[in-house]
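**Student:** Protein chains in written order, with my numbering: chain A, 1 to 64; chain B, 65 to 310.
Any given hint could turn out to be false.
Unchecked claim - What the simulated footprint calls covered on chain A by chain B, stretch by stretch (three residues with Cβ under 8 Å from a Cβ of chain B suffice, anywhere in the stretch; the number is not a length): (1) 6-14; (2) 21-28; (3) 32-38; (4) 48-59.
What the hints contain is simulated information worked out from the structure, not anything from laboratory work.
Ideal Cβ positions, reconstructed from N, Cα and C, are used throughout, including at glycine.
In case you want the letters, here they are:
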Amino acid sequence: MHWNSVGEFFAMGGYALYVWGSFGACLVLMVAEPLLAKRRLNEVRKNLIRERLADELDHPSGTS
Amino acid sequence: MRQSIIHWFKFASPQGFYPLAGRMIPWFWAAAAIFGISGLWISFFVAPTDAQQGEGYRIIFIHVPASWMSMFIYLVMAFWAALGLALNTRVSGMMAQALAPTGALMAALSLWTGAFWGKPMWGAWWVWDARLTSELILFFLYLGFMALQAAIDDPRRADKAGAILALVGVVNIPIIYFSVKWWNTLHQGSTINLNKAPSMAQTMLWGMLLMALAFWMYSIAVALTRVRAIILERERHTEWVKHALE
Chain A
1 MHWNSVGEFF
11 AMGGYALYVW
21 GSFGACLVLM
31 VAEPLLAKRR
41 LNEVRKNLIR
51 ERLADELDHP
61 SGTS
Chain B
65 MRQSIIHWFK
75 FASPQGFYPL
85 AGRMIPWFWA
95 AAAIFGISGL
105 WISFFVAPTD
115 AQQGEGYRII
125 FIHVPASWMS
135 MFIYLVMAFW
145 AALGLALNTR
155 VSGMMAQALA
165 PTGALMAALS
175 LWTGAFWGKP
185 MWGAWWVWDA
195 RLTSELILFF
205 LYLGFMALQA
215 AIDDPRRADK
225 AGAILALVGV
235 VNIPIIYFSV
245 KWWNTLHQGS
255 TINLNKAPSM
265 AQTMLWGMLL
275 MALAFWMYSI
285 AVALTRVRAI
295 ILERERHTEW
305 VKHALE
């Protein structure tokens with residue numbers, strides 16, 4: 001461990017903008033992408049379940 | 065023997081692959097978290113300050129893994145595309161389509177972190193250097209692949225068109241990789257060389273490798289999530305999808 005204080009850690013030896021600008025962008029994108037992928041999956045699941053329910057209402061079991 | 069072959073082919077079909085992917089995703093997330101946390105710990109608290117670049121060099125711990133993944137995902141995507149083109153297997157095209165956005169994200173991160181590293185070290189956010197330019201082309205190849213697939217309604221035709229684009233674009237990968245050797249560039253040479261011992265401190269190397277593994281696990285987890293969505297979107301009129309959802 002070579003940081004003497006929290007402030008020193010965040011200052012990154014004067015490279016704060018560059019180091020945190022890189023790690024920050026990485027964090028934002030790598031949090032957003034899985035959430036978007038997950039939402040896409042949930043969305044299509046929800047639609048399919050809704051379609052099936054509508055289908056069952058149109059054709060109650062046994063009559064289709 | 066025969067039994068085991070049948071067993072494996074089951075996972076090559078969308079209805080076999082969909083639940084398998086669902087079971088694998090949490091494991092890849094767990095692995096990504098373990099590698100990521102240990103990699104970040106080494107990146108910030110164990111790896112020493114660089115003699116020339118001070119603390120600014122720490123960008124390497126995401127820049128190199130993102131760049132590797134951007135190239136590697138492209139190769140995997142092209143592999144699936146080629147397989148789909150040759151064997152007409154349904155899952156192949158879906159895999160290629162699922163990988164493209166993650167590859168584009170890695171290429172974007174590589175360019176972004178590269179710019180944030182270039183500015184303090186070279187004095188410029190961007191230079192039209194062989195390495196940087198070929199990586200930018202890679203980013204555009206991903207975007208082109210996604211745009212082309214989105215523009216064609218019939219998914220099987222979209223797969224074919226996308227596969228051809230992906231395969232033509234493969235030439236760019238060795239160009240990126242060897243660009244620092246073939247041309248006189250501002251970009252530094254490869255960080256890890258198979259022929260000689262790495263020139264960097266052991267702890268830096270470990271941090272980078274752990275971060276690369278984390279990026280790898282992340283990419284697999286997110287691509288599997290996306291491929292599940294694509295499977296359901298494309299197979300929604302089939303019987304098995306109706307039974308697969310509760």
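**Student:** Hint by hint, note whether the structure agrees.
**Tutor:** Going down the list of hints, with the structure as the test:
no.	hint	result
1	6-14	holds (count 4)
2	21-28	holds (count 5)
3	32-38	holds (count 4)
4	48-59	holds (count 4)
Against the hints set out earlier in the document, no violation occurs for any number.
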